[in-house]
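Novice: Count along the sequence shown from 1, add 226, and you get the number used in the working numbering.
For the record, the hints were derived by calculation from the structure and aren't laboratory data. Be careful, since some hints might not be right.
Stated by the list, open to error - The calculated DSS-like cross-link candidates involving lysine-lysine, where the alpha carbons are at most 30 angstroms apart (straight line), are:
1. K349 x K263
2. K349 x K256
3. K331 x K275
4. K263 x K330
5. K330 x K264
6. K349 x K366
7. K359 x K349
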Amino acid sequence: MKKGIINISLGIILIFFSALSALLLSYLFKDAINVEKKIIETVDNTYSKILYISGANIWRKFLTENAAYWDDIQAEFEDASISGNSTRTQLVLNTYLEYNLGSKKKYDYTLVSTTTTYIFEEKYINVIFEILKNGIHVSKGVSFDFGWPGI
């Protein structure tokens, strides 16, 4: 009988210490999860900037090499509003990132850029950029003007 009480007492003490250690470990794991979120958020923001700059460089190269064909790349605003037919060009850049912070995750990024405005007299084309992460918009997007205003 005395052995049974000692065994039950030891069992209760072990349960108490295991509950206490689980409580402490949950606090540490919570911090680890928050750190992982911050790292992924920082990488995501940096990668978005890299995608925008890469897309702008691709458009700059494309528009420079095809400067004589801007009418075929984007219809001028007045022409599109009169005829109702708008010519525009879209560039899609697909890429992905793999994270391995405790668990392996893969995110697909798509940079969608579309010409919106072409003004012949001012010699510039406007292009808007949007990023999709796994098919969902992740940021508000940016807009770049390309051309030679004043020429």
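Novice: For the pair we were handed, K349 and K263, check the Cα-Cα distance against 30 angstroms.
Specialist: At roughly 44 angstroms apart (the allowed maximum being 30 angstroms), K263 and K349 break the hint.
Novice: Does K264 sit within 30 angstroms of K330, going by the straight-line distance between their CA atoms?
Specialist: Holds. K330 to K264 sits at ~16 angstroms (cutoff 30 angstroms).
Novice: Taken at face value, is the distance from the CA of K366 to the CA of K349 at most 30 angstroms?
Specialist: Holds: K349 and K366 sit about 26 angstroms apart, inside 30 angstroms.
Novice: Are K331 and K275 close enough, with their CA atoms no more than 30 angstroms apart?
Specialist: 21 angstroms, holds
Novice: Is the straight-line distance between the alpha-carbon of K349 and that of K256 30 angstroms or less?
Specialist: 55 angstroms, violated
Novice: Decide if the proposed pair is consistent with the structure: K263 and K330, CA atoms, cutoff 30 angstroms inclusive.
Specialist: 14 angstroms, holds
Novice: For the pair we were handed, K359 and K349, check the Cα-Cα distance against 30 angstroms.
Specialist: At roughly 33 angstroms apart (the allowed maximum being 30 angstroms), K349 and K359 break the hint.
Of the numbered hints stated above, those contradicted by the structure are hints 1, 2 and 7, listed in ascending order.
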